[in-house]
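**Student:** For reference, the chains in residue letters:
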Amino acid sequence: MKVLLPLPVLLPIAGAALSILLGGSRRVQRAIALTTLTAVTGLAVALLVVVDRDGPVVTGAGGWRAPLGITLVADRLSALMLVVAAVMLLAVLVYAIGQPGAERNHVGFQSVYLILAAGVAAAFLTGDLFTLFVAIEMMLTASYVLLTLGGRLAQVRSGMTYVVISLLASVLFVALLAFVYASTGTVNMAQLSERIGDLPDGLRSALAVLMLVVFGIKAAIFPLFFWLPDSYPTAPSPVTAIFAGLLTKVGVYAIIRTQTLLFPASTRPGTLLLVLAAATMLVGVLGAIAQGDVKRIFSFQIVSHIGYMIMGLGLFTVAGLAAAVLYTVHHIVAKTGLFLSGGLIEHAGGSSRLSRLGGMVRTAPVLAVLFLVPALSLVGLPPLSGFIAKFALVDAAAARSSYAVLGVSLAVTLLTLYSLMKVWVSVFWAAPRDPVPGSDQARPGERFGAPLLMVLPTAALAALTLGLGLAAGPLYDLSLRAAADLLDPQAYVTEVLG
Amino acid sequence: MTVLLAATAATLFGLGTYLVLQRKLSRIIIGIALLGHGANILMVTSGHRGNAPIIGNGPDGDVADPLPQALALTAIVISFGVSALLLALAYRSWLLTSDDEVQDDLEDRDVARRGAPDVDLEDMGTDAEADVDDVAADAAEVGP
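One line per chain: the protein sequences are A and B, in this order.
Sequential numbering from 3 applies to the first sequence in our numbering.
Sequential numbering from 1137 applies to the second sequence in our numbering.
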């Protein structure tokens, strides 16, 4: 398994290079991307099985052992995240192939998409802070290109905000790395875990807060979220879906990883995280209620739901962290599915504005189901995955008597339901509107209101969120084991440095 | 020397922050570049100074720490690539608008002005109507 560990990163990079070389044929490019991501998914599943059975797998690139070389580590959390990410990347790729115009007819789309996949995989697998920086840069640079591919005015305008904010976060990240290296003499996370406890309190708090700011911008937590609802909706739906599913979650993963692995138990900023979580949930959902565009409503909800994951982390108990892990997995699946169904709505209705859509429960009944399943899962209705994740979270908060944040999370759930039902009522139940000029209503070969390749991945994700809800037992046990690893990082440290 | 480098980094961070807060895209890009330089100088400063880190080049104990330099180099390469992309974006923006200003988010303005932009919802005759009106009224009081 040690030999296979770098492959989830290397395969997509090789695929991207090959795809550029064979840019003459769209068909070959698609085949390369599909094969690569299928292989990565298979590898990720194998990795998860092995890691869950035998403990963390560690590889040093080029035979350089930690802390000298580039260390790749897979523990339960990173393997689980990698599996979910690979499945999402594959589903969204199929959707992008199916949607007319999603690739912007650009020769580079598949390559850039594969680079994004490599960056996400590297971010989950890396064992040192600097490689995490490089991985996040790789992922973000690919996302800049995907967001602005096509170069229309709206894309350039919102892309600019996104790029500038992300670059600011990167600059802060480099500064953070400089401070970390100057004070401890290493950027390897396992070694930092041993050394950072010896630092003076003030310095350690400064590093912790700087890390929270850097990853908080990527994860879009309050008050650093404002760039997200502005930039995500302008991209084509598959691109928005993969951004919504994965990019912010890499930030959440980095926050969970750094706050649990690097800092000693006595100095973890639990209360601060809980306050931030509550504010993120509330502000996000209130923003969603005010919007009048399907994609913008969904985008604000991403912010709101990041709050739930931070809440699980802020509890700093095994149950809380397990709930955070479970919630992250659930949210990636449900949110990606919801954005894909939003893309279907836009495709079938010709617009994503609530005021221009209506009556689709009759014109496109399949879409209504495909929207409703991930939407209700996001709200947390049984038997969908959201119910299990929210129940675990509420249970963990009650066990630690954090009733304030518990109350906020339940209120936000109701508001989430309200904002999603606003979409449901105006898009599906309202009287049909006049068709938007330019949207040809009846297209040949589209039995479900959209091409089959767009409907299938959306249906698969809807089925997956139902499946996760039904198979919640094993998944919750896995999350508990991952959370126990996180709170007691000794096994991780020994494995990496040993 | 460390103090001098730290002061340089601080100056670059200050100038960069000022420029990033401007409304002209070209200034923002220069600001980002200055911030990046500041961070890189900070990175180089984080290792200790000494002779060039080559084996056989002077006494063993007196070599500079090569790792932060390698890290800074990587960071420079990354920021070089992204700056090129940023310049291309700015040029595209100038081509499309013939203006160097950062554009406002129109959708956001819309929401701020009218609360819920879907005033058409009123003639739907659903239960959502009253709530939407409330939101619109609330937002109208807050808005300009």
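Hints in this document: simulated from the structure, not taken from any laboratory.
Backbone N, C-alpha and C fix where the C-beta goes; we use that ideal spot for every residue, glycine too.
Treat each hint with caution, since some may be false.
Per label pair, the in silico range of CB-to-CB distance [said to hold, decoys possible]:
#1 B:1189 with A:102: 47 to 57 Å
#2 A:361 with B:1151: 36 to 46 Å
#3 B:1237 with A:54: 50 to 60 Å
#4 A:196 with B:1236: 48 to 58 Å
#5 B:1234 with A:476: 35 to 45 Å
**Student:** Confirm or reject each hint.
**Tutor:** Hints, one by one, checked against the model:
1. B:1189 with A:102: 47 to 57 Å: holds, 56 Å
2. A:361 with B:1151: 36 to 46 Å: Taking Cβ atoms as reference, residue 361 (chain A) and residue 1151 (chain B) lie about 56 Å apart, which means the hint is violated.
3. B:1237 with A:54: 50 to 60 Å: holds, 53 Å
4. A:196 with B:1236: 48 to 58 Å: About 50 Å separates the Cβ atoms of residue 196 (chain A) and residue 1236 (chain B), which means 48 to 58 Å holds.
5. B:1234 with A:476: 35 to 45 Å: Once the Cβ atoms are compared, 59 Å apart, the range 35 to 45 Å for residue 476 (chain A) and residue 1234 (chain B) is violated.
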